[in-house]
Amino acid sequence: MKKILVVLGCIIFILQATGCSSAGSGKNGNNKIVVWTQAAADHPEGKMFASRVERYNEANPDKLQVEIQNITRAGAGSGYIDKLNAAITANDMPDIFTLDGPDVAAYVDAGVIGELDSYMSNGFKEGFTDSIIQQGTVDGKFYAMGYSDSAVAVMYNEDMIKALPADIQAKVPAADEDWTWEQFVALARDIDTYAKSSSDAAFADYKLAVSTLLSDIASGSYETGTYYFTPLLWGNDSNIVAEDGLTVDGVLNGEKSLQALTSYAQLFAGDPLASASEPEKAFHTGKAPLAVAGFWYVNELKDNYPNLKYRTVRYPKMSEGYSGSYTPSGSWTFVKSGKITDEEKSKQVVEVMEWLTNDQAAEEYYAANGAIPSRKNAISVINTNTDNAYYNEAWTVMQYQVEKTNKARPVSVGYPYLSETFAKDVLLKIAQNQAADSETIQKYLDDTVKKLDMEFAKYKK
Amino acid sequence: MGFRNRSYKRAEVITAYCFLFCAIVLALLFIVIPIGRAFTYGFTDYYLLKPDDKAFIGLDNFYRIATDEVFLKSFLNTLQFVVLVVPLQLGMALGLAMIVSKKVIGNAFFRTAYFSPAVLSLVVISILWTVMLNPTSGLINEILTGLGLPAQPFLTSTTQAMPTIVFISAWSGCGYQMMIFLAGLTNIDKSLYEAADIDGAGSFKKFVHITLPGLKPITMFLVITTTIQAFKLIVQPMVMTGGGPDYSTMTMLQYIYEYGYRHRNIGYASAITLVFTIFLIAVSMVIKRLFKEEKA
Numbered sequence: 001m002k003k004i005l006v007v008l009g010c011i012i013f014i015l016q017a018t019g020c021s022s023a024g025s026g027k028n029g030n031n032k033i034v035v036w037t038q039a040a041a042d043h044p045e046g047k048m049f050a051s052r053v054e055r056y057n058e059a060n061p062d063k064l065q066v067e068i069q070n071i072t073r074a075g076a077g078s079g080y081i082d083k084l085n086a087a088i089t090a091n092d093m094p095d096i097f098t099l100d101g102p103d104v105a106a107y108v109d110a111g112v113i114g115e116l117d118s119y120m121s122n123g124f125k126e127g128f129t130d131s132i133i134q135q136g137t138v139d140g141k142f143y144a145m146g147y148s149d150s151a152v153a154v155m156y157n158e159d160m161i162k163a164l165p166a167d168i169q170a171k172v173p174a175a176d177e178d179w180t181w182e183q184f185v186a187l188a189r190d191i192d193t194y195a196k197s198s199s200d201a202a203f204a205d206y207k208l209a210v211s212t213l214l215s216d217i218a219s220g221s222y223e224t225g226t227y228y229f230t231p232l233l234w235g236n237d238s239n240i241v242a243e244d245g246l247t248v249d250g251v252l253n254g255e256k257s258l259q260a261l262t263s264y265a266q267l268f269a270g271d272p273l274a275s276a277s278e279p280e281k282a283f284h285t286g287k288a289p290l291a292v293a294g295f296w297y298v299n300e301l302k303d304n305y306p307n308l309k310y311r312t313v314r315y316p317k318m319s320e321g322y323s324g325s326y327t328p329s330g331s332w333t334f335v336k337s338g339k340i341t342d343e344e345k346s347k348q349v350v351e352v353m354e355w356l357t358n359d360q361a362a363e364e365y366y367a368a369n370g371a372i373p374s375r376k377n378a379i380s381v382i383n384t385n386t387d388n389a390y391y392n393e394a395w396t397v398m399q400y401q402v403e404k405t406n407k408a409r410p411v412s413v414g415y416p417y418l419s420e421t422f423a424k425d426v427l428l429k430i431a432q433n434q435a436a437d438s439e440t441i442q443k444y445l446d447d448t449v450k451k452l453d454m455e456f457a458k459y460k461k
Numbered sequence: 001m002g003f004r005n006r007s008y009k010r011a012e013v014i015t016a017y018c019f020l021f022c023a024i025v026l027a028l029l030f031i032v033i034p035i036g037r038a039f040t041y042g043f044t045d046y047y048l049l050k051p052d053d054k055a056f057i058g059l060d061n062f063y064r065i066a067t068d069e070v071f072l073k074s075f076l077n078t079l080q081f082v083v084l085v086v087p088l089q090l091g092m093a094l095g096l097a098m099i100v101s102k103k104v105i106g107n108a109f110f111r112t113a114y115f116s117p118a119v120l121s122l123v124v125i126s127i128l129w130t131v132m133l134n135p136t137s138g139l140i141n142e143i144l145t146g147l148g149l150p151a152q153p154f155l156t157s158t159t160q161a162m163p164t165i166v167f168i169s170a171w172s173g174c175g176y177q178m179m180i181f182l183a184g185l186t187n188i189d190k191s192l193y194e195a196a197d198i199d200g201a202g203s204f205k206k207f208v209h210i211t212l213p214g215l216k217p218i219t220m221f222l223v224i225t226t227t228i229q230a231f232k233l234i235v236q237p238m239v240m241t242g243g244g245p246d247y248s249t250m251t252m253l254q255y256i257y258e259y260g261y262r263h264r265n266i267g268y269a270s271a272i273t274l275v276f277t278i279f280l281i282a283v284s285m286v287i288k289r290l291f292k293e294e295k296a
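Top line first, the protein sequences correspond to chains A and B.
The first sequence begins at 1 in the numbering used here and counts up by one.
The second sequence begins at 1 in the numbering used here and counts up by one.
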């Protein structure tokens, strides 16, 4: 009898272990509001969400209490997204969850996230920066509240640049000047030529001219590539997909995209200036004098590489005459489950989302994590008057881009595939094959368009 | 024959059925139901985010497989990996087993050292090798250039990436098989070697005519298990190359994962799974047949 009980116990354990855990709307009912985030509990981002939620619960003891659950993402967000997708399949979604901005449209199309306009406080949406509103809007409706914005600029190693001949130094723009991609590549080429023939101590560790983080694409973080380099197409009045989010033929493989990507490819022509397998922290450790650098570099350099003298200049524009927005932006957002049927709960869920993304929250996130505020009123909280001139300059440049030139990534139901295919089959392929001629790049683009069209056919039905 | 005549106590019968039930539940949960689901989903346009909106699309997914260049590439990559890694890994394992079977000083240390990669996580191994093989700053190229040899692109080259992964996989897996070969070597009757010595046989002849035949059953077992394991390659390319460059290291399992989860196209991923499962069943049957012939 004992054995039988043990066996039955095992079976029950297995069945429980293979079943789905309860988390979301399906089983929460109206007892609590569950929030899922990809931020680890011990990460500054996770801590700040926990702190906001705790204060909300304390201030609203009579309302539904909010419970935050941290499902740490791996690499490109896979662990978290896999669990979220499984929860959607099992109709067991949390009430509020985080999503990367460009993914919002796909979840809207699937009907799993709900619109926010009818529940939001007056004027709350307008408080977000323009690119965050763009990123969260699908077919004219607002679905996602970005809790931070982002920016990408170019950084250079001051010691290495100072060691260059004056004529090369003169090619480096000022922090408040626009410059073009062509000028950027020309500068990188001059640095590379000099570094390879110089015995100057500043170039003792020199490995490559530009750090681009393309190695992230090679290891599966495809979005980094799209985030960093789609702006080259924007700056040439083009894009990776048309406004409808699904038409790629004639856009991605169009003349202007080809021009932009042929210019991008000059980084890898001849003696390559950048590499898809660059050393880890190449810019931080003096192996690369230039870097296409995300906003997170600023705090990383301040905290972990305090001796590195770096300067920051604007993200290069592909075409000098282009006057629209063109710099990288966007980040993760909070969205509301589309499965909540109770109106009162919906109202409170949106109230919680506002609490997690309002001006005060944005200021706190900046203080805790160096996250660029997603709220117009909070951008001024970025401190550009510290005693660290490098830090001040970097934030000044990024603040300018957030306010003046940032543009949201395309809104497309097929975005994850679009982004991955573009990063892998175009950006990475150009880098790895050192393809610099327009015929080869055109072929890459045509092949990519063919693949995308095949995959997007299901959305066009 | 005695089993048939033997009568079991009721409690024994119940216990036996309970254990059988347990195995059946596991098989149903993790083998039969998933294969059945993959079979039905393979004929639908199941999109992960719209689980309630599946439509039957006939053979569309299978037609797509027939024209999918990346599928073909992934399939050939997987085959290439299996064909290369099985003999290399078993050869390395046998070689190491022969070395550590000698009674020399430091033998225990070498056994542990050779076996240690087998207990390390594949993810850890993959990350370590990725750092060491970095073309611009990796240790391996530092050594090569230090010796006056040209630096190699390794994982960033379409021609070198797969052989590199094959080598790393063989290195990380051969320690475990070394231990099994070692057990086999100790079971070979020592008198056979003594007789061969008296007959004047050299080391090579003894290896070919005594050692290899003595290890045949073990070798067959290892060929089967290593082949099956090799078809399941996913961690190393996923961590080290992401399936690149230019899909040169994309394997079937990674392709299925990418389509199912990253691209959320469960219908197409299921169709690929089905095709690959049928292929694996065919391979298993061939191996089983060979094994039977060998036993006969």
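Hint data in this document are derived by calculation from the structure and do not stem from the laboratory.
Heads up, some of the hints might be wrong.
Calculated cross-link-like contacts (lysine-lysine; reagent style DSSO-like; alpha-carbon spacing at most 27 Å) [stated by the list, open to error]:
| no. | chain 1 | residue 1 | chain 2 | residue 2 |
| --- | --- | --- | --- | --- |
| 1 | A | K32 | A | K256 |
| 2 | B | K54 | A | K458 |
| 3 | A | K450 | B | K73 |
| 4 | A | K404 | A | K376 |
| 5 | B | K73 | A | K451 |
| 6 | A | K339 | A | K32 |
| 7 | A | K162 | A | K309 |
| 8 | B | K73 | A | K443 |
Partial selection, computed: residues in chain B whose CB lies under 10 Å from chain A [as the list claims (entries may be wrong)]:
| no. | residue |
| --- | --- |
| 9 | T145 |
| 10 | S157 |
| 11 | M238 |
| 12 | G242 |
| 13 | Y261 |
| 14 | R262 |
Source: prediction; values computed, not measured.
We put the beta carbon where it would ideally sit given N, CA and C, even for glycine.
Here is how each hint holds up against the structure:
{"no.": "1", "hint": "K32/A x K256/A", "result": "51 Å, violated"}
{"no.": "2", "hint": "K54/B x K458/A", "result": "11 Å, holds"}
{"no.": "3", "hint": "K450/A x K73/B", "result": "17 Å, holds"}
{"no.": "4", "hint": "K404/A x K376/A", "result": "12 Å, holds"}
{"no.": "5", "hint": "K73/B x K451/A", "result": "15 Å, holds"}
{"no.": "6", "hint": "K339/A x K32/A", "result": "15 Å, holds"}
{"no.": "7", "hint": "K162/A x K309/A", "result": "11 Å, holds"}
{"no.": "8", "hint": "K73/B x K443/A", "result": "19 Å, holds"}
{"no.": "9", "hint": "T145", "result": "13 Å, violated"}
{"no.": "10", "hint": "S157", "result": "8 Å, holds"}
{"no.": "11", "hint": "M238", "result": "7 Å, holds"}
{"no.": "12", "hint": "G242", "result": "4 Å, holds"}
{"no.": "13", "hint": "Y261", "result": "6 Å, holds"}
{"no.": "14", "hint": "R262", "result": "6 Å, holds"}
Figure legend: structure checked against the earlier numbered hints; hints not met, in rising order: 1, 9.
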